[in-house]
Amino acid sequence: MPEFAHLTFDAWPVLTALVFFPLAACLAVPLAGSDESARRWTLFASLVEVLLALPLFHFRLGYGGYQFVELVPWVPEWNLHYAMGVDGISLLLVLLTVLLLPLCVLCSWSYIRERVKEFHVCLLLMTSACLGVFVSLDIVLFYVFWEAMLVPMYLLIAVWGGPDKKYASIKFFLYTLAGSTLLLVAIVAMYLKAGTFFIPHLSEAGFPSGFQHWVFLCMAFAFAIKVPMFPFHTWLPAAHVEAPTAGSVLLASILLKMGTYGFLRFCLPMTPEGSLYFAPLMIGLSIASILYGGFIALGQSDMKKLIAYSSVAHMGFVTLGIFIFNLRGFEGAMMQMVNHGITTGALFMLVGCIYERSHSRQIVDNVGLGKYLPAYVFFFGLFSLSSLAYPGTNSFVGELLVLIGAFEHKVLYGFLAVPGALLAAAYMLRLLQKIVWGEPSKGKAWKDLNLREWVYFSPLAVLVIYIGLAPGLALRSMDPTLEQVLAAFKAKAGPRVEVVEVPGVPKEPITEEIPLVNETMGETP
Amino acid sequence: MSASAALFVPELALLGVAGALFLQSVAAPERAAARVAWVPAAGLACVLVSLACVGKSGTLFWGSYQVDPLSQYFKAAVALGFAIATLNARIQPTLDSRRVSDYFLLLALCCFGLMVLSSAVELVTVYLALEISSYPLYAVIPLRGQDRQAAEAGIKYILFGAAATAVSLFGLSLIIAGHNTTYLQELAGRPWSFAEAPLGVVGLAMFLAGFLYKLALFPFHFWCPDLYEGASNETAAFAATLPKLGAVVALVRLASLLKPGLEITTLLALLAAASMLYGNLAGLVQKDVKRLLGYSSVSHAGYVILGFVSGTPQGLAAAAFYSLVYVLMNLTAFWVVSSVSVDGRNVALEDLRGLHKRSPALAFTLAVAAFSLVGLPPTAGFIGKLFLLTSAWGHGYNWLVVWGCVNTAIAIFYYLNLVRYAYTSDAAPADLPELPAAFRPRSLAWAGVLSATILLLGIYPNPIFQWTLVAGTRLLQ
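One line per chain: the protein sequences are A and B, in this order. According to my numbering, the first sequence holds residues 1 to 525 in order. According to my numbering, the second sequence holds residues 1001 to 1477 in order.
The set of hints was computed from the structure by calculation and includes no laboratory data. Just so we're clear, the structure is a prediction, and the values are computed from it rather than from any experiment. Among these hints, one or two may not hold up.
Lysine-lysine pairs mimicking DSS-like chemistry, simulated, CA-CA at most 30 Å apart [what the hints assert, rightly or not]:
#1 Lys117(A) x Lys1259(B)
#2 Lys444(A) x Lys371(A)
#3 Lys193(A) x Lys1259(B)
#4 Lys442(A) x Lys371(A)
#5 Lys1357(B) x Lys171(A)
#6 Lys166(A) x Lys1287(B)
#7 Lys1287(B) x Lys171(A)
Distance windows between CB atoms, simulated [unchecked claim]:
#8 Val48(A) x Phe1222(B): 18 to 26 Å
#9 Pro1093(B) x Ser37(A): 38 to 46 Å
#10 Ala426(A) x Val1285(B): 43 to 51 Å
#11 Leu27(A) x Ile1176(B): 58 to 66 Å
#12 Ser37(A) x Ser1057(B): 53 to 61 Å
#13 Leu51(A) x Asp1426(B): 17 to 25 Å
#14 Phe211(A) x Arg1090(B): 52 to 60 Å
#15 Glu1350(B) x Thr16(A): 36 to 44 Å
#16 Tyr466(A) x Pro1441(B): 34 to 42 Å
#17 Val1285(B) x Arg452(A): 45 to 53 Å
#18 Leu51(A) x Ser1057(B): 51 to 59 Å
#19 Thr16(A) x Leu1048(B): 50 to 58 Å
#20 Val1470(B) x Thr16(A): 25 to 33 Å
Away from chain B, derived, C-beta distances all over 10 Å, residues of chain A [as the list claims (entries may be wrong)]:
#21 Phe44
#22 Leu51
#23 Pro76
#24 Val140
#25 Val144
#26 Ala148
#27 Leu150
#28 Leu155
#29 Ala158
#30 Lys166
#31 Ile170
#32 Ala189
#33 His201
#34 Leu422
#35 Arg452
#36 Gln484
Built from N, CA and C at the ideal position, the CB exists for glycine as well.
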């Protein structure tokens, strides 16, 4: 039994309930009498799931360790545990996942017409597996959820997808599974060195340097495919374009985050020296993702493809933030993960919404809606601005922090990343302009948003503005954990950290800067 | 004597089933068809008997026959496999109804041989047990109506099998010449490096051929896809699973000779690597589901070897555990094949189209089996593979572990293909007969039980694994 002096317990198994309630709920879906009742039941279950997440608001803000921990032996011979917990890195991702479930049900309400029950089973399974990924504290348990999520996602694309769904779904599956097989090797290797699968223990293990290098590569390969980083990104546009709306939303908002979550949770704490050694490579790939994604997005005529490539660029900011190893970068990366989940999820919902009217995802078929669908255009404008990190929206916070961190780390990286922000403005404004004012207008006979659509856009819109204006609470929830990760990283990666830093930058102790960030960004809306 | 008979109870139970079947087939061959429904139940009774005898240990027949946790584990596994395989074979469209009793008799005898094999600790006994389990199979394979392919498969199996056992026997003679004993316990104390005992090493390598043939390890695999394709679905289900258990148990027994770093162990590791790659690459292009499963078992033979190269109790336990999982998931996959093919023909991937509509339960079962064969969590296939990989790491065969993982990545495609055809295409092939309504409920219920077992073993492997670990530890003491 691992020691858990630094963990906190709660009487009610919040996380187990969260992870397994959707699983239990999906068993009842096939019993539903009609498609309509299956939808209603899933919506109800997803709202219950949101209620089940409420205890998470007891999260202690000033505490960096794991909270709501559950720990039971699973296979004692192999030191396997059923261990769950959340900390500042996973909390917001868990909340985002829970929030998205009802929205996904709502946005599929009229979009999915075939095999409705199976669809909702897949949605619920996805949610279970995704939550499991974020809350697992045992690396094998993590791996179980990590792989388990592939199957429902594969089915979401392969069954309810567009015309090219077979190609896209197989590609998605092969890419991600190919990556994760090496992750399994890394897990086994670390277990045999450290004798444990328990994540907090592995994080403290301190592996030999050479070992760290290749374990890092094994893990980074899996995560880089999931993110996806530049040379491994080709599955993403295919999967996004073919997936149904809810599938795209889950893919963009949650699945991609697992890759960056993996970097933060596994690569940095467990293989700090490896991370440091390969950081130039990772930063290079991140910048390549930012620029490449932006340029390709600029040339798209399919709305979904455009947003998919913009995801590649946005996730590039996240990995950049992680591998510059300073607090600003980490904060920015975390914020960007959450924000990208909100904004890009909403954008995919918007595309799905207009697809139901025009039956086309081509930009030219959906132009000139400003006059006829004002509510739709309002949301479209809001989320587009958020996507290009317009000040006052949520993405601005994340991108700004990453850029500050990048400049702090090395001025060159900052300069290389800035054009990414410009590109984002270019491709999003181009899209927005055509959608709102394009001629000739296609939307004369279309209805504006109905109540259901209002309901699923509104929470995300509120979050865009709330986080944009008052990111303090979010930052406070993650800061203690990020500080811990950073401090442990600096301690373990050793004095070589100093070598990487540019001599010109004053080496102030990082901890002193944190309250500053909180005060300036958090408390003044 | 009564004490020693008690050690022998599972074998006697199975022999009893075989005897009853023999009487039945001699007494009333015409009416036999209606009367074999009791066999699966008897198989299940054998499982219970084996489980009741778990705690027994001792030796019989002048030390050549050992009853220990390992043998009891494999006896229970064989009995379980027998029960499931006979349950699957109850309704067999391509089998002449007059031969049904004989058919089950042969299956029971083969399982008896396997049970003997799991207790044999003396090389001649091992060899005899292997032969007892092989002969019935040679006779069973061609029993598929007047099918020429089945006859071809039978011939192939017997010719290759005869050659392999001849090599095996020759190897046995070399071992005797080199070490002057056939008892495993004494052999374990002898040197097994080529420098010290060249004759023994060559002999052991040749002796292993017989088992690697059963296991369908590259390059002894040629019979495997052809046999699966040629034999009837139900026979293939049996031949694909249970003999592998026998091969694994024999290898586990011999494992005390296979220390890591020895030439022979490295040779096994190389064969395992080749087997994984060859099986998976060949699997990619298959159109026939049974052929696909055949190549899949070639690659799985490679995975099982992972457990032997480390020479640790954990490794043996992992191999024993994985062999049970392997039997379960293959029987499950074949269960779906047998159910889909109502008239007993071979099932092509195309025939799985729209299975989710025709029978959601079968489609789900197929998905569970396929994902377990890939090694995806939360199925038993994953946890078994994890145990194997973990056990092999750090004993000089790390490359094989990485190789195994890379191969898993290759293998996904064809397993996923099974699921893809079953779930993503709606149109059922026009010429495939509908599943008859009467056949459904029972067969589907059993399919559900099988897939639930695979999931359960994946989520809670502990009790079974503990058992295999005790067996492995006892063996290497």
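Evaluated hints:
For the hint pairing Lys117(A) with Lys1259(B), the CA-to-CA distance comes to about 54 Å; that exceeds 30 Å, so the pair is violated. A hinted pair counts as satisfied when its Cα atoms are at most 30 Å apart, and Lys444(A) with Lys371(A) qualifies at roughly 8 Å. Our distance criterion of 30 Å between C-alpha atoms is met by Lys193(A) and Lys1259(B), whose separation comes to about 22 Å. Proposed proximity of Lys442(A) and Lys371(A) is supported: the alpha carbons are some 11 Å apart, at most 30 Å.
Our distance criterion of 30 Å between C-alpha atoms is met by Lys1357(B) and Lys171(A), whose separation comes to about 25 Å. Pair hint Lys166(A) plus Lys1287(B) holds up; C-alpha atoms about 17 Å apart against a cutoff of 30 Å. For the suggested pair Lys1287(B) and Lys171(A), the alpha carbons sit about 20 Å apart, so the restraint of at most 30 Å is met. Between Val48(A) and Phe1222(B) the CB atoms are about 57 Å apart, so this pair departs from the stated range of 18 to 26 Å.
Taken as a hint, the range 38 to 46 Å holds for the pair Pro1093(B) and Ser37(A), whose Cβ atoms sit roughly 40 Å apart. Separation of Ala426(A) from Val1285(B) is about 46 Å and conforms to the stated range, judged on CB atoms against 43 to 51 Å. Distance hint check: the CB atoms of Leu27(A) and Ile1176(B) are about 60 Å apart, consistent with the given range 58 to 66 Å. The given range of 53 to 61 Å is respected by Ser37(A) and Ser1057(B), whose C-beta atoms sit roughly 58 Å from each other.
Taking 17 to 25 Å as the suggested C-beta distance range, the pair Leu51(A) and Asp1426(B) does not conform, at roughly 38 Å. For the pair Phe211(A) and Arg1090(B), the beta carbons lie near 54 Å from each other, so the given range of 52 to 60 Å is met. One distance hint, 36 to 44 Å for the beta-carbon pair Glu1350(B) and Thr16(A), holds here, with the actual separation near 43 Å. Between Tyr466(A) and Pro1441(B) the Cβ separation comes to about 54 Å, which falls outside the hinted range of 34 to 42 Å.
At roughly 47 Å, the beta carbons of Val1285(B) and Arg452(A) sit within the given window of 45 to 53 Å. For the pair Leu51(A) and Ser1057(B), the supplied restraint of 51 to 59 Å holds, since their beta-carbon distance comes to about 55 Å. Checked against the given bound of 50 to 58 Å, the beta carbons of Thr16(A) and Leu1048(B), roughly 35 Å apart, lie outside it. Separated by about 31 Å at the C-beta atoms, Val1470(B) and Thr16(A) satisfy the suggested range of 25 to 33 Å.
Non-interface status of Phe44(A) relative to chain B is upheld: no Cβ of that chain comes within 10 Å, the nearest being about 23 Å off. With a closest Cβ-Cβ approach of about 26 Å to chain B, Leu51(A) is found to remain outside the 10 Å limit, as its non-interface label requires. For Pro76(A), the shortest C-beta to C-beta distance to chain B comes to about 7 Å, within the 10 Å cut-off, and the non-interface label is violated. Not every CB of chain B is more than 10 Å from the CB of Val140(A) (nearest about 7 Å), against its label as outside the interface.
Chain B draws Val144(A) into its interface by the beta-carbon criterion, the shortest separation being 4 Å against a cut-off of 10 Å. Some Cβ of chain B comes within 10 Å of the Cβ of Ala148(A); the nearest lies about 5 Å off, and the non-interface call is violated. With 10 Å as the threshold on Cβ separation, the claim that Leu150(A) sits away from chain B is violated: the shortest Cβ distance comes to roughly 7 Å. Under the 10 Å C-beta cut-off, the non-interface status given to Leu155(A) relative to chain B is violated; the minimum distance is some 6 Å.
Listed as outside the interface, Ala158(A) is inconsistent with that label: its C-beta sits roughly 4 Å from the nearest C-beta of chain B, within the 10 Å cut-off. Annotated as non-interface, Lys166(A) brings its C-beta within 10 Å of a C-beta of chain B; the closest such distance is 7 Å. With a cut of 10 Å on Cβ distances, Ile170(A) falls inside the contact zone with chain B, its closest approach being about 7 Å. The claim that Ala189(A) lies off the interface is violated: its Cβ sits roughly 6 Å from the closest Cβ of chain B, which falls inside the 10 Å cut-off.
For His201(A), the requirement that its beta carbon stay farther than 10 Å from each beta carbon of chain B is met, with the minimum near 16 Å. Every Cβ of chain B is farther than 10 Å from the Cβ of Leu422(A); the closest lies at roughly 38 Å, confirming the non-interface assignment. No Cβ of chain B comes within 10 Å of the Cβ of Arg452(A); the nearest lies about 28 Å off, and the non-interface call holds. Once the 10 Å rule is applied to beta carbons, Gln484(A) is consistent with being away from chain B; the minimum gap is 29 Å.
In summary, the numbered hints that this structure violates are 1, 8, 13, 16, 19, 23, 24, 25, 26, 27, 28, 29, 30, 31, 32.
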